[in-house]
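Participant: Each chain, letter by letter, is given below.
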Amino acid sequence: MPELERHSFDVLVIGAGGAGLRAAIEAREHGLRTAVLCKSLFGKAHTVMAEGGIAAAMGNANESDNWQVHFRDTMRGGKFLNNWRMAELHAQEAPQRVWELETYGALFDRTKDGRISQRNFGGHEYPRLAHVGDRTGLELIRTLQQKIVSLQQDDFKEFGDYEERLRVFQEFTVTELAKDGDRISGAFGYWRESGRFVLFEAPAVILATGGIGKSFKVTSNSWEYTGDGHALAMRAGASLINMEFIQFHPTGMVWPPSVKGILVTESVRGDGGVLRNSDGKRFMFDYIPEVFKDKYADNEAEADRWYADQANNRRPPELLPRDEVARAINSEVKAGRGSPHGGVFLDVSTRLPAEEIRRRLPSMHHQFKELADVDITAQPMEVGPTCHYVMGGVEVDPDTGSSSVPGLFAAGEVSGGMHGSNRLGGNSLSDLLVFGRRAGAGAAEYVRALGDRPVVPEDTVTEARATALKPFQEEGGENPYTLHMELQQSMNDLVGIIRRAGEMEEALQRLEKLKERARSLTVEGHQQFNPGWHLALDLRNMLLVSECVAKAALLRTESRGGHTRDDHPVMDAEWRRKLLVCTTSDEGVRVEEKPQIPIRSDLLDLFERTELEKYLTAEELS
Amino acid sequence: MSYQGKFRVWRGDDSGGALEDFTVEVNEGEVVLDIIHRLQATQAPDLAVRWNCKAGKCGSCSAEINGRPRLLCMTRMSVFQESETITVTPMRTFPIIRDLVTDVSFNYTKAREVPSFAPPKDLAPGEYRMQQVDVERSQEFRKCIECFLCQNTCHVVRDHEENKEAFSGPRFLMRVAELEMHPLDTADRVDQAQDDHGLGYCNITKCCSEVCPEHIHITDNALIPMKERVADRKYDPVVWLGNKLFRRS
Chain A
218 MPELERHSFD
228 VLVIGAGGAG
238 LRAAIEAREH
248 GLRTAVLCKS
258 LFGKAHTVMA
268 EGGIAAAMGN
278 ANESDNWQVH
288 FRDTMRGGKF
298 LNNWRMAELH
308 AQEAPQRVWE
318 LETYGALFDR
328 TKDGRISQRN
338 FGGHEYPRLA
348 HVGDRTGLEL
358 IRTLQQKIVS
368 LQQDDFKEFG
378 DYEERLRVFQ
388 EFTVTELAKD
398 GDRISGAFGY
408 WRESGRFVLF
418 EAPAVILATG
428 GIGKSFKVTS
438 NSWEYTGDGH
448 ALAMRAGASL
458 INMEFIQFHP
468 TGMVWPPSVK
478 GILVTESVRG
488 DGGVLRNSDG
498 KRFMFDYIPE
508 VFKDKYADNE
518 AEADRWYADQ
528 ANNRRPPELL
538 PRDEVARAIN
548 SEVKAGRGSP
558 HGGVFLDVST
568 RLPAEEIRRR
578 LPSMHHQFKE
588 LADVDITAQP
598 MEVGPTCHYV
608 MGGVEVDPDT
618 GSSSVPGLFA
628 AGEVSGGMHG
638 SNRLGGNSLS
648 DLLVFGRRAG
658 AGAAEYVRAL
668 GDRPVVPEDT
678 VTEARATALK
688 PFQEEGGENP
698 YTLHMELQQS
708 MNDLVGIIRR
718 AGEMEEALQR
728 LEKLKERARS
738 LTVEGHQQFN
748 PGWHLALDLR
758 NMLLVSECVA
768 KAALLRTESR
778 GGHTRDDHPV
788 MDAEWRRKLL
798 VCTTSDEGVR
808 VEEKPQIPIR
818 SDLLDLFERT
828 ELEKYLTAEE
838 LS
Chain B
1144 MSYQGKFRVW
1154 RGDDSGGALE
1164 DFTVEVNEGE
1174 VVLDIIHRLQ
1184 ATQAPDLAVR
1194 WNCKAGKCGS
1204 CSAEINGRPR
1214 LLCMTRMSVF
1224 QESETITVTP
1234 MRTFPIIRDL
1244 VTDVSFNYTK
1254 AREVPSFAPP
1264 KDLAPGEYRM
1274 QQVDVERSQE
1284 FRKCIECFLC
1294 QNTCHVVRDH
1304 EENKEAFSGP
1314 RFLMRVAELE
1324 MHPLDTADRV
1334 DQAQDDHGLG
1344 YCNITKCCSE
1354 VCPEHIHITD
1364 NALIPMKERV
1374 ADRKYDPVVW
1384 LGNKLFRRS
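Those protein sequence lines, which keep their order, are chains A and B.
Anchor point for the first sequence: position 270 equals 487 in our numbering, and the numbering is continuous, going up by one each time.
Anchor point for the second sequence: position 31 equals 1174 in our numbering, and the numbering is continuous, going up by one each time.
Incorrect hints may have been included.
In silico EDC-like cross-links for lysine to aspartate or glutamate, where the CA-CA straight-line distance does not exceed 16 Å [as the list claims (entries may be wrong)]:
(1) A:K329 - B:E1270
(2) B:K1253 - B:E1305
(3) A:K510 - A:D803
(4) B:K1377 - B:D1339
(5) A:K477 - B:E1256
(6) A:K551 - A:E317
(7) A:K477 - A:D590
(8) A:K374 - B:E1256
(9) A:K795 - A:E809
(10) A:K732 - A:E775
(11) A:K477 - A:E587
(12) B:K1264 - A:E317
(13) A:K732 - A:D803
(14) A:K732 - A:E804
(15) A:K498 - A:D515
(16) A:K329 - B:E1279
(17) A:K329 - B:E1171
(18) A:K687 - A:E733
Residues from chain B shown here face chain A by an in silico Cβ test under 8 Å; the list is partial [unchecked claim]:
(19) G1160
(20) K1197
(21) P1268
(22) Q1275
(23) W1383
In case anyone wonders, no lab produced these hints; they're calculated from the structure.
Ideal placement from N, C-alpha and C gives every residue a C-beta, glycine not left out.
With the hints as extra help, turn the sequences into a complete structure.
Facilitator: Okay, structure coming up:
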């Protein structure tokens, strides 16, 4: 057996997207030796795919905006299931996190008076999204990447070593977390390039691994989104909440087939784009739900006036929260009013001059031209729902990002609670920064207060190595690519945007069979940069997380946000008071109900009573 | 709509390798990366390729298609004849790891050598004021997705390993230009560009701009303006005389 590579750090950050990098910066600035472990090259994380912007109530475009308004919008978007403390911290701290990016070198688009420009987005009462055209995620990731480099340059000056206190291990996959008793003591994984195994000893681990979209067939997510952090947390004994809530972004590309699911930014609608069915009708006026009737225009004239005069008109219904728009598109297509390739039409060409479209939506223009031969300045786009985001994740302490396992933290998409049952566009990038920073500080505080350092038991290494190598031992077993495709098809068809009890039961049966078959996976070749092997190991995580989604979705007998039940179409105030908590053990995945913590009264006072009546039970209101 | 396409894909590692022939199904609307994925799923499960977003936003899947540096995910099959054999090889400028995957650490080393943004000390977060027209110059360069195709195609390093030490390549010379043109950056980057990053090696053949998938005008908007600033500083006879007389360093 070759010698095991070993490293020791104070804090390990798993994932190098917005949350991971912000957490690493914070931990390093607290003086801790920090490592970032990421599956892709540094700077390629899925955050680059974020397009529209980062929500922060800076009030640059409309002075009436403030954290309370942002908090209200976030709670409404999540149908009041949100962890209110997280929503509060998020709304309060987002502006500071955005301004801080400017000190790292970010260059946002500007207002006329030289401040950061802010754009409209679904569910946000005022123009709130700081942006750089439609490539805001790229700006965020590059800025944080460059900040990391700048901290490394500081270390070089001080110690003569760039990596003295902050090191990035890129193209590295973590397969197992290690514990000493009930405390985290490190992580085990392999270099993707060489296949060699590495053990990290560290008292604190921050999960920032993003989402789970690769378990679904039509998704805007990249290959990295295999639910690694969700699964690592569960196997380490932590709990997940809200796993039944999956956001299907209303506008993904539908044609050509090879790009089906790729995101079309909500900014298209924020900047005036409208949705039409095959009859040419702006159908969203027919889908304004009762709870939003007073906030959204019920006729085209008012909706169009809103872009110029927001004080005296209601918003266009194309800017309803994402869950509403996705369901509406789904219904139109089902009713036979879809576009030729099974979507609907999203048109900005008749709404803005061509030059303006190219300026405001350059990457959409580029994407459609290169991949679909469509010129969005002259033609409508064809769009349909795509699996985009998981609201559920590791149950954490809002202030520190700590999970129930000592030393294990989570931030960003892999954590749960902040967005309730549905995330608003633009709230993801701000979530990454606010809670990335908090998890970094939380981990630093935890490490500082530690007495003795936990150690990694040797049998953890032996077991982790054996599990990782198993696919090479088997012969004549299952092909991981085949299994992955079957998993994606099952989740897409049976636990997708519209759900029914019978279908979800069938999904669970299929998952059982897939789990059984996944025990005998076979991969060809050797350990060096072997994508078949990588997939075989990621599949284990996808299967575990998919089971959580299906089990929780079957239990929640109501429709709310990113969970729509055909057999229980109504939102139920009793269910708002309950969270579904997933844990795993040798017996498999367990899902249990847990009461939601009541909303603090001063936060409740930010809402009109008539609005609260739509969400809360009579008992809570009394 | 489907047909059997002919592909030649380089397979091997740092000890050597060769082009391998494949016949594989091609469907309407597909890009080269789809074909590589189909090869993995059906014929060559251990074929190594880097990719991530599959939408031209992350810059992971850089390679050479029929000898041209391109992103695999943004190269549509419809640009080729059905009868054509399509050759896919790894980027030539960087060491091979395996199959289509190369060791791009050269770029991360160079990135570290560019001194970071130096913000004005007297401005607190939230007090930054810049005009759109002023940020647009650097914003163009920040569109860079770091696919490193410009670094790969640049003849200064493509077949000249010996130049890698002194030359940062178009991507990082552009990064220097980006900071130089940042409205609030306080550092002076003109001498650095010439002395530390090898701007003088560039002889503006514009190959980098030509292969840029983001269509950034690397040469015209970043490299040439930097060269002009260097020329003003270093080679303007009046400035030269002034420096001699007044010993400005």
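Participant: For every hint, state whether the structure bears it out.
Facilitator: We went through each hint and held it up to the structure:
1. The suggested pairing of K329 (chain A) with E1270 (chain B) holds, with an alpha-carbon distance near 15 Å, which does not exceed 16 Å.
2. For the hint pairing K1253 (chain B) with E1305 (chain B), the CA-to-CA distance comes to about 15 Å; that is within 16 Å, so the pair holds.
3. Between K510 (chain A) and D803 (chain A) the alpha-carbon distance is near 48 Å, which puts this suggested pair outside the 16 Å criterion.
4. Of the pairs offered as hints, the one joining K1377 (chain B) and D1339 (chain B) holds, with about 15 Å between alpha carbons and a cut-off of 16 Å not exceeded.
5. Distance hint between K477 (chain A) and E1256 (chain B) is unfulfilled; the C-alpha atoms sit about 40 Å from each other, more than 16 Å.
6. With a CA separation close to 46 Å, the supplied pair K551 (chain A) and E317 (chain A) exceeds the 16 Å bound.
7. For the given pair, K477 (chain A) sits about 14 Å from D590 (chain A) by alpha-carbon distance, which is consistent with the 16 Å threshold.
8. Restraint check: the Cα-Cα separation between K374 (chain A) and E1256 (chain B) comes to about 12 Å, which is no more than 16 Å; the hinted pair holds.
9. As the CA atoms of K795 (chain A) and E809 (chain A) are separated by approximately 10 Å, the hinted pair is consistent with the 16 Å bound.
10. Annotation: proposed proximity of K732 (chain A) to E775 (chain A) is violated, straight-line Cα distance about 28 Å (limit 16 Å).
11. With a C-alpha separation of about 14 Å, the suggested pairing of K477 (chain A) with E587 (chain A) holds against the 16 Å cut-off.
12. Proximity of K1264 (chain B) to E317 (chain A) is assessed by CA-CA distance (about 14 Å); at most 16 Å being required, the pair is judged to hold.
13. Proximity of K732 (chain A) to D803 (chain A) is assessed by CA-CA distance (about 14 Å); at most 16 Å being required, the pair is judged to hold.
14. Proposed proximity of K732 (chain A) and E804 (chain A) is supported: the alpha carbons are some 13 Å apart, at most 16 Å.
15. Distance restraint check for K498 (chain A) and D515 (chain A): the Cα-Cα separation of roughly 14 Å lies within the 16 Å cut-off, and the hinted pair is therefore satisfied.
16. For the given pair, K329 (chain A) sits about 14 Å from E1279 (chain B) by alpha-carbon distance, which is consistent with the 16 Å threshold.
17. Taking the CA atoms of K329 (chain A) and E1171 (chain B), the gap is about 46 Å. The hint is violated against a cut of 16 Å.
18. The suggested pairing of K687 (chain A) with E733 (chain A) holds, with an alpha-carbon distance near 15 Å, which does not exceed 16 Å.
19. Residue-level restraint check for G1160 (chain B) is violated (minimum Cβ-Cβ distance to chain A is 13 Å; threshold 8 Å).
20. A hinted interface residue such as K1197 (chain B) counts as satisfied when its beta carbon comes closer than 8 Å to some beta carbon of chain A; here the least separation is about 7 Å, so the hint holds.
21. The beta carbon of P1268 (chain B) comes within 4 Å of a beta carbon in chain A, closer than 8 Å, and the hint placing it at the interface holds.
22. Hint status for Q1275 (chain B): holds, given a least beta-carbon distance of 4 Å to chain A, under 8 Å.
23. With a least beta-carbon distance of about 32 Å to chain A, the hint placing W1383 (chain B) at the interface is violated under the 8 Å criterion.
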